[in-house]
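Peer 1: Starting from the known structure of chain A, arrange chain B on it as the hints suggest.
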Amino acid sequence: MKRLASATLVAAALVLVAAPAHAEDAIGGYPPKFGENAPRSYESSQRFAVEIKFGPYSPNIDASAGLNGKTPFKDLFPANPGKNRPPGRLLTQVEFDYQFLRRPWGNFAIGNTAGFYRRTSHSFAYNTDPATGGQSLPCTPGSDTNTCVRSGDTTALNIVPLSIMAVYRFDYLARRYKIPFVPYFKIGLAYYVWWIENGGGFLSIAQFTPPGATSSQGGWGGTLGWVMNPGGAFLLDVLDPSAAKIIDSELGINHTYLFCEFHYADISGFGAANKMNLSDTTLNAGLAFEF
Amino acid sequence: MTPLPPVATRKPRKFHAAFALHTSAAMARSLAVVLCVVGLPLAAHAQMTASSGMCSGMMTGTIGLAIPQGGTNNFQTIPSTQITTGVFGIAECQCAEAAANPDINLEIKLTTALPASTAGTAQIWVGDSSCTNVQTRTSSSNTTCQLIASPTIQDFTVNSTATSASGLHYVLKADSLSNPNPADPKMHSCDPTMPINNGPLASASNSVYVFLFTDPNSPLATCQLTLSQRLQGPDPVTNTSASGGDGAVTINWTPPATGSYSPSFFQILCSDDCGQPIKDSPNTQIYSVCVNGVISRRDLLSGGPAAGGGTDGGIITSTDMAFMSASVDPGRFAPHPNVAACPADMGISAFADGGALGPGMTNAYAQLDPHYACSDQISPSQTSARISGLVNGQNYHFAVLSVDAYGNATSSGDILGAPQPTEDLWRRYRDSGGGGGGCFIATAAFGSYENRWVWVLRDFRDQVLLEHDSGRSFVDWYYAHSPHYADWIAAHDWARALTRLALVPLIAGAWFWLYVPPLQKALFIALVLAFVFRKRIRRIVARLRDGGSAA
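Just so you know, the sequences run in chain order A and B. With my numbering applied, the first sequence corresponds to residues 1 to 291, in that order. With my numbering applied, the second sequence corresponds to residues 292 to 842, in that order.
Pulled out of the complex, with its shape left as it was, chain A reads as follows:
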């Protein structure tokens, strides 16, 4: 995860550094020399966009195939009263877009997203079965909540959502009429890598307990799915156009946005029978930079 984040940052940094090199493709005149003000019509070239966004996320694990109504996620991460799913926790994502086609009526891009999500809760302690004299039984919430004793150990769910998306930004209004609002739409494939840690911070292995278990699988995997993000971005340039101009001429950042988007993620392996369901529908908000 760290490497992924590092690679993303490095890529973003490289792009940021490289962006001024495209200045010869600038619109409305040549880039200003040192100490000069940029021409009024100057605008550096624009090829990329970077977004950092945050939002609550609560994977719909209990909808995974095979659970048949059982709710292991909700059992361990209690939901609020009247809710069927634990409350969301912070999901942080970074998106990098390559805007390969720009037209007056909008621009098209290919976007890559990577993020990180983690939440922890105390595990359940296995109970002693008086009938077998010390045999452990799993806690059975619902039927007898008194048996659900929390352990001193914590369990952690980690998810790294990865996606590749087609992005369309309708920036015609902003360009043509200076209306600082850019609606956009993203849709694409996603692959969510997940792993579960036990109390020792190690990868959980379900193999020895409960007795009779025949499988011995590690608590990690990945689930394929698709995502859709319709949203709208507020063009922050209008708040201080001169500053925006300076940022463009000196850093090559064309536009800065504050955005909010609807995040629909169907991460269920396209109906696969043995995949953990990590779907969710939520809202994301963040900052975007076009350069």
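There could be a bad hint or two in this list.
[What the hints assert, rightly or not] With a cut-off of at most 25 Å between alpha-carbon atoms, the simulated DMTMM-like pairs for lysine to aspartate or glutamate come out as follows:
id: 1; chain 1: A; residue 1: K74; chain 2: B; residue 2: D722
id: 2; chain 1: A; residue 1: K70; chain 2: B; residue 2: D722
id: 3; chain 1: A; residue 1: K83; chain 2: B; residue 2: D722
id: 4; chain 1: B; residue 1: K812; chain 2: B; residue 2: E758
id: 5; chain 1: A; residue 1: K70; chain 2: A; residue 2: D266
[Unchecked claim] Among the chain A residues that face chain B by a calculated CB cut under 10 Å, a handful are:
id: 6; residue: I61
id: 7; residue: G201
id: 8; residue: A273
id: 9; residue: M276
Just so you know, these hints were derived from the structure itself, not from any lab. Ideal Cβ placement from N, Cα and C applies to all residues, glycine included.
Peer 2: Structure of chain B alone, referenced to chain A:
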């Protein structure tokens, strides 16, 4: 919860260091203004007597430092600019192993470098305030002042953490404080049966003086430090609790309140219900404590255990800790007497009724025997620690020690906890019928995580790959990418067969790396290399032969 006996009976007092700078009239002939700062929190660990089982006692003293030049009475002037922040000393007083052989460990460092040209020797004096008078301290009838060391001035390294005793670390006999006349040593004052009743300490009022002389008859500067010695560690933690985990217990506590005498770190002692340590003896002892009637003292420097004379007992600093050696003296602790016969089925509990010792049991754990240490140093800001490596279903006892910078330890009291198997999210998900977990490709190919060949690869992962950053990176990468392929392989018999075949060299290599002894390994590698490069070897041999015949 039954409180353990404290290390000492005295209530912790605030360390109170007040020093006054005194200059004499003779200062006029000196250009130097010397400021001495002596931070001498003497941590006096009293000795436990067999009868009381408690540590108590008190130590006061006076330490004088003089810097003569040339002969005994010709003192030099040290430019004040060079030592404006003065000389500071950090000393620790501890009882030693035997009452007749107590030690005090003294460490002196400079905070500002002396000029390279500064020569001469310093003198460290033990005595009362009268020792400022050169006639008094050099008189043949002197019984209150004692010259205990004469290091060269250049030995006073700036902020050194040198392990050598030379110039920086001194081991004094405590009886030199209680009576400076070596011909008439007295028992150490830490011994409660031998209170301070003579020698300079009897009237020293907990004061320590440091004298710097430019005139042998008049000190240029005098630093006086009032000592409040600690016979007990910092305030203990409160609100302790233990919650069982899977083969582990998490201990929670509330650190001492802000403003109290706070610990420098915590450490945890663990005992099974039989009174035995649950882990191997620690290879470091980082606190001092009375055990079995003697003081067990932590040893910080690489000189090994400070049996008898000792090498150092200096203040614990992060730097010092790096010098800690494997230094719990095995001879210093009886190996948990009377508990060795505790049956394996735990039928007899040393801690019957949740804390009380069983009959005939000697509770070394309750005496804070360092052999029971089961954690490393724990940051004072931390409020919990997880002790792993325990057996589910068995009771264990824990004590959180608050340890100050001088190694004094205070116990939290006994904390009872029992590990038990847990059901984490993954287990619960699997138990509920969920799927999608990942497994190694080898597991998929061989059909079981417990397959012997899978074990080889798992051992290789744990013992080789996870030992190195690059290996860990590879494992992380593998964990991230292999599930998909493993699932696919597991679903196709022909793929499993092919994968097993492909894994043979990998497993063989891992087996070779893990289980073949080094000598055989080297021989095998040499043979393989010889075979691979046999043609080249032949050519070299032939060339050598031709060269030899030509010659």
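Peer 1: If any of the earlier hints don't hold here, list their numbers in rising order.
Peer 2: none
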